[in-house]
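So the protein sequences, as listed, match chains A, B and C.
Going by this note's numbering, the first sequence opens with residue 1, and the numbers climb by one from there.
Going by this note's numbering, the second sequence opens with residue 1, and the numbers climb by one from there.
Going by this note's numbering, the third sequence opens with residue 1, and the numbers climb by one from there.
It is worth saying that the hints were derived from the structure and are not from the lab.
There may be inaccurate statements among the hints.
Stated by the list, open to error - Mimicking EDC-like on lysine to aspartate or glutamate, the simulated pairs with C-alpha atoms at most 16 Å apart in a straight line are:
hint, chain 1, residue 1, chain 2, residue 2
1, B, 20, B, 237
2, A, 324, A, 279
3, B, 20, B, 275
4, A, 357, A, 258
5, C, 290, B, 174
6, C, 125, B, 237
To be verified - Examples of chain C residues lying across from chain B (beta carbon under 8 Å, computed):
hint, residue
7, 97
8, 100
9, 127
10, 129
Glycine residues also receive a C-beta, built at the ideal position from the N, C-alpha and C atoms.
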Amino acid sequence: MVGSVRLPGLRHPAPPDHMPSREAVNLVLICTLAVLALHVTHVPLWMVLAASCLILWRYLIDNLGWRSPGSLVRMLLAIAMMVMVYKHYQSLLGRDPGVAMLFGLTGLKALELRRLRDYLLTVFLLYFLTVAAFLYSQSLWVGGYAFLVVALTTLCLVQLNQPLGAPWTRCLRLAGGLLVKSIPLMCILYLLFPRIQGSLWGVPIDAYGVIGLSDRVQMGSVHGLIANDRVAFRVEFDGEPPANRDLYWRALVLEDTDGRVWTRRSDLDDDPVPETIRERGREINYSVTLEPHNQRWLVALELPTVTPAMARRRAGYIVEANRKIRNRFRYRVQSHLDYRTGPLSRDQRFWGLHMAKAPTPRMQQLVNDWRAVAKTQAELVQLGFNYFREEPFFYTLSPGDIGNNPVDEFLFETRRGYCEYFATSFVTLMRMADVPSRLVVGYQGGEWNPAGNYMVIREFDAHAWAEVWLPGRGWQRVDPTAAVAPERVELGFSVLSRMAQNGHAFGVLDVDAARAAAQSNWWQRGVRETGFYFDFLNNAWNQLILDYDVDQQREWLRTLGIRTPAWVVLTGTLVLVVVLLFLLMAVVMLRPRPDRDPVVAGYRRFCAKLAPLGLERASYEGPWDFARRVARARPDLDGEVRRITSTYVNVRYRNRFAALPVLRRQIRQFRPTRSGGA
Amino acid sequence: MNSKPQHEIAAEMATVPTAKVLRTAIDRINEIILGKDRSVRLALCCLIARGHLLIEDIPGVGKTTLAQTLAAVLGLDFKRIQFTSDLLPADIIGVSIFDTERNTFRFHRGPIFSSLLLADEINRATPKAQSALLEAMQERQVSAEGVTLPLPELFFVIGTQNPQHQIGTFPLPESQLDRFLMRIGIGYPDHDAERKLLEGVDRRTLLNSVEPLLEESTLRRVQRKAEVIRLSPALLDYIQALLHATRSAPWLVHGLSPRAGLALSHAARAWALLEDRDTVLPEDVQAVAPAVFGHRLQYTEDTATDAGLGLVDRLIRSVPIP
Amino acid sequence: MARNTTRPATVERITLGRRQLYMLPTRYGLYFCVALVAMLLMALNYHNSIAYLFTFLLAAMAITSMLYTHRNVAGIEISAHAQAPVFAGESAKFSLHTENDRPRPRSGVWIHCGDRAERLELGAKDSASVELQQRTTRRGYVEMDPIAVSSAFPLGLLCTWSKSFRFNARCLVYPRPHGRYTLTPAAAGCTPQSYGTHADGDDFVGLRAYHPSDPPRHVHWKASARSQELLTKRFGGGGGTVWLDWDRLVELEPESRLSQLARWVVDAESNGLSYGLRLPGSVIGAGHGKHHRHRCLKALALWSGQ
């Protein structure tokens with residue numbers, strides 16, 4: 001056995017290393033599996049299999065007496081793993097190959113667990129891998145699971161340090177107590193540790209993927225989002241939320257098209273004309289918490305009138321953040337639902353009438369018919385809208401394939417589709433009729449979460465609609481989808497999907513009937529309502545934990561009165577608070593447990609009052625022995641001490657509990673002077 | 001000295017409160033055994049707690065006199081056996097003798113059938129004789145030749161022995177020592193007491209003039225009273241802590257049995273009664289502990305010579321009062 | 001014997017408190033710090049709030065475990081005592097008595113004595129003893145080596161240790177019982193009438209069945225009458241005394257003489273003889289038994305010239 005451990009420049013007695021107990025060994029293997037489970041979603045399958053096999057191998061070595069591989073075999077395995085990782089990622093550096101390599105190493109390390117050192121290093125590796133899992137997912141679920149894993153790993157660490165293997169209950173209590181008692185310190189560190197703005201080294205591109213709405217729309221492209229129930233953003237309104245049919249969340253305006261694909265204008269960056277809005281009606285103030293999508297657009301109700309901080313207005317009444325949204329982004333906006341916009345610029349007219357290719361004869365015929373009837377542009381738009389309402393168009397989430405000339409085919413042949421189909425066809429028709437118009441994409445509707453009083457808008461709420469410019473009124477929204485399936489706009493997509501579940505077709509029922517058709521049974525309702533609570537938790541998790549960054553820290557510190565959060569000030573505060581908290585914990589944890597028995601506690605106080613006079617009661621001294629000794633040393637105290645001792649003895653040894661208040665009073669009033677009066 | 005007839009005094013004492021009875025008895029004994037208040041009290045305490053007493057000291061300090069005085073003052077039926085190497089169990093218990101007239105064996109009761117038996121120099125008898133006595137002490141009955149005879153309800157043994165392990169002695173084994181509730185020493189008298197002894201009358205003649213103060217029923221009353229003295233849970237904790245300390249102290253050969261703990265609680269109750277209290281206090285436990293534990297504990301070799309403190313005192317000092 | 005004045009004062013009993021205890025990270029604690037720094041860099045670089053949170057949780061845990069480590073050791077009471085005397089060359093045994101008056105168990109406490117370490121597990125409000133052995137070479141008293149206490153409970157990341165304490169426990173070491181002379185009447189001074197012959201003192205030791213050669217006055221008639229066979233009284237003790245005499249071993253070095261005498265004491269005791277010891281300056285009268293043996297051997301152990 002080694003008697004002590006040598007530290008740089010210091011030699012002191014230290015516990016020698018011991019062999020971990022059998023229970024601890026098995027626990028480490030279980031723990032390893034639990035940690036690796038956090039990574040199975042992004043580590044290559046072969047690596048998952050390899051690591052699992054290695055751990056199984058180790059288990060068989062321990063429990064079935066299989067042979068342990070030599071160091072050469074282990075070395076070869078490590079090299080093979082490294083080569084495989086390199087071939088898979090073309091690199092050994094960076095997040096993904098690094099995590100994959102650590103993943104494999106953990107499995108490999110399981111094979112060579114022998115001394116305490118190996119075990120402890122594995123445990124530290126497991127901690128690291130647990131934290132590394134947050135680079136991939138930061139959801140509440142992963143967080144909760146990771147906390148359990150950390151608790152398990154800590155249990156492992158405690159068990160490893162009990163040479164004989166302590167009872168499970170004790171280890172559990174220890175590990176649990178340790179974690180719980182660490183939480184206050186953790187909070188302090190979390191809140192006050194200075195956050196930095198940039199990165200220490202380049203963040204790989206692969207850290208963020210583009211999610212959600214795309215700025216390229218063609219028939220069928222929103223389709224991918226329909227099955228996606230990921231949250232796009234959440235909204236808290238200052239007052240009452242507007243009706244569902246007014247909830248048009250504007251994200252992008254697409255004006256350019258090649259006949260199939262709609263995109264943003266290429267010359268957007270140097271738009272010279274500020275667009276004006278004459279707002280009418282009441283303003284709506286609300287906060288949006290946007291999930292990261294790695295693009296710059298922000299959503300706002302039509303039309304936004306006050307631009308949020310760290311963002312600017314762009315042409316087409318859209319709002320763009322100053323940088324790409326890579327973290328959850330919370331901003332406040334103001335919108336007016338009723339508005340007029342100003343005159344059309346030359347530029348806008350050009351793009352509003354832009355056509356990619358010549359229309360087909362039957363499309364031209366249709367538009368010519370309308371122009372013959374309509375006297376004004378507004379009537380023309382109305383005719384177009386009526387066309388969609390009166391002709392047999394069907395709203396469906398599964399339209400068939402569409403060929404080379406999509407608008408023509410859709411208008412005259414298939415007539416089945418959803419928002420993009422209607423919106424793009426409508427815009428095309430309007431442009432043919434010389435009405436400046438454009439395609440707007442964003443989200444429509446949302447689901448009210450009664451648990452947290454906010455609105456959740458998911459990816460499947462994505463929507464596309466048309467906007468036309470009418471003289472005197474400016475840009476006006478026209479949503480041809482509402483003509484075909486009013487319930488989509490009135491009730492929102494989630495109701496629509498419930499209708500589909502219940503086997504109803506869209507666009508045939510009026511709004512009330514549609515709402516009735518969307519009625520779910522108690523089970524579905526229960527699931528939905530539980531879902532509200534989960535989303536509420538998720539939202540709280542996001543706002544409290546995930547979104548805490550430099551800005552929030554600064555804001556929080558400002559409320560504390562720290563106005564200049566210089567690095568030094570912050571660090572100093574942090575150290576000070578940590579030390580204070582630690583001392584507080586030390587006082588609480590290390591103080592001797594107070595006597596539960598008030599009698600004993602009272603007598604202790606009495607003795608404590610005599611101790612400064614050099615009359616310290618020995619622990620083995622009986623009460624009367626002590627009283628006599630006190631009387632000998634200080635005859636002036638005799639009477640009082642005798643009285644107190646007598647009461648104490650009566651209460652403690654003769655069970656005269658009624659005298660306890662008397663004892664307390666006597667002890668309280670007992671104030672011996674330092675020098676004897678007599 | 002009281003000149004009243006014996007039965008009158010005793011009858012008088014039967015009605016007075018226990019405390020006064022005991023105080024009078026102690027005073028009377030102290031008139032004969034000079035300057036040994038503590039030993040006298042312990043001896044009396046032992047009798048009240050229904051235990052047997054072992055007096056260990058060098059010859060000539062008054063072991064026998066103490067026993068005799070106790071017997072005389074308490075009015076007990078007193079017998080004495082001088083233990084020698086050729087003492088046989090029958091000499092203690094009694095012997096069956098063939099009665100030729102009736103043609104049967106008749107059991108002649110030995111000296112053990114008494115209320116207070118003084119077993120002088122108990123360690124000079126062979127183990128066989130010792131165990132006959134000690135068995136009777138434990139069982140409070142005697143088995144001889146197939147007959148079981150109960151001993152009197154009041155039955156005390158006061159054993160005396162010399163401390164030195166001399167040739168030809170048979171030290172009592174630990175298991176036998178355990179049957180004595182207490183072991184006390186007497187020690188040399190202090191200066192004044194010794195002077196008085198030298199000046200005064202021979203103690204033995206003084207002893208002859210002593211008249212009993214109590215009768216058996218009074219003593220029994222006192223004993224019953226001692227049994228109901230209150231022993232609070234706090235003190236039970238203390239006694240347990242003391243026992244536990246003996247079991248874990250490295251300087252002791254072995255720890256104490258639960259019987260020793262029971263003995264301590266009985267003795268402490270009796271002591272509290274002697275102090276005229278209805279409740280046991282830690283001081284009572286500490287007062288009797290050396291006598292009750294002393295002969296049951298043994299220092300590991302060598303430590304005994306180094307320790308300044310008495311063994312039990314050391315033990316008491318190591319256990320805080322809860 | 002001159003005492004080394006620079007040696008720290010000995011103690012009888014200590015209670016480990018804040019003043020006696022130190023704390024530093026262990027080797028593994030430093031590894032853990034490296035892991036923490038790596039996690040922190042990861043959190044910093046990716047602006048990952050939850051990675052921060054968990055890193056800080058682990059850091060807070062390490063800090064909190066300081067209190068656990070300290071609490072595990074603080075307040076233990078230790079006292080030390082020597083066990084039975086040993087002969088030179090054997091291991092002296094000391095028992096360390098440890099007490100825990102706190103309501104929670106203490107585990108993984110190590111007691112260091114010399115270059116050895118013993119593990120200690122203490123239950124709540126319990127006490128435990130640890131036996132420490134120490135090599136002996138010379139007779140006399142051997143002082144207990146200083147001891148220190150350490151613990152890395154509960155996580156092994158931090159180690160607390162106490163400064164070393166020297167207890168005033170000393171173990172008596174008898175001289176090694178060794179010598180070429182066996183215990184014979186010639187070698188050891190014997191009173192002529194006793195040694196080797198049938199011992200007949202005048203102390204009664206018991207009864208045995210009658211042998212025809214027994215003198216009639218030794219027959220216990222009273223007992224014989226009761227047991228239907230003749231019983232003879234046996235006497236022993238008093239007469240047969242072996243005197244173990246320093247002066248008879250003139251040809252030996254003093255230490256060898258002591259060893260020789262120790263051997264005789266051991267032999268005499270195991271043969272059930274009565275023996276006495278004569279040393280220059282002290283004489284121990286005849287006797288036998290455990291205590292007598294100890295007295296004699298102690299005198300030999302502590303003998304320091306005329």
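Verification of the supplied hints:
For the proposed pair residue 20 (chain B) and residue 237 (chain B), the alpha carbon gap of about 31 Å is over 16 Å, so the pair is violated. Distance check on the hinted pair: residue 324 (chain A) and residue 279 (chain A) sit about 29 Å apart at the alpha-carbon level, beyond 16 Å; violated. Among the hinted pairs, residue 20 (chain B) with residue 275 (chain B) is consistent with the structure: their alpha-carbon atoms are about 11 Å apart, no more than 16 Å. Only pairs whose Cα atoms come within 16 Å are accepted, and residue 357 (chain A) paired with residue 258 (chain A) is accepted, the gap being roughly 7 Å.
Proximity of residue 290 (chain C) to residue 174 (chain B) is assessed by CA-CA distance (about 15 Å); at most 16 Å being required, the pair is judged to hold. Between the alpha carbons of residue 125 (chain C) and residue 237 (chain B) the distance comes to roughly 13 Å, so the proposed pair stays at or under 16 Å and holds. A hinted interface residue such as residue 97 (chain C) counts as satisfied when its beta carbon comes closer than 8 Å to some beta carbon of chain B; here the least separation is about 5 Å, so the hint holds. A least Cβ separation of about 11 Å between residue 100 (chain C) and chain B goes past the 8 Å threshold, and the interface hint is therefore violated.
For residue 127 (chain C), the interface hint holds, since its Cβ comes within 8 Å of a Cβ in chain B; the closest pair sits about 4 Å apart. The restraint placing residue 129 (chain C) at the interface with chain B holds, with a minimum CB-CB distance near 5 Å, inside the 8 Å limit.
When each numbered hint is compared with the structure, violations occur for hints 1, 2, 8.
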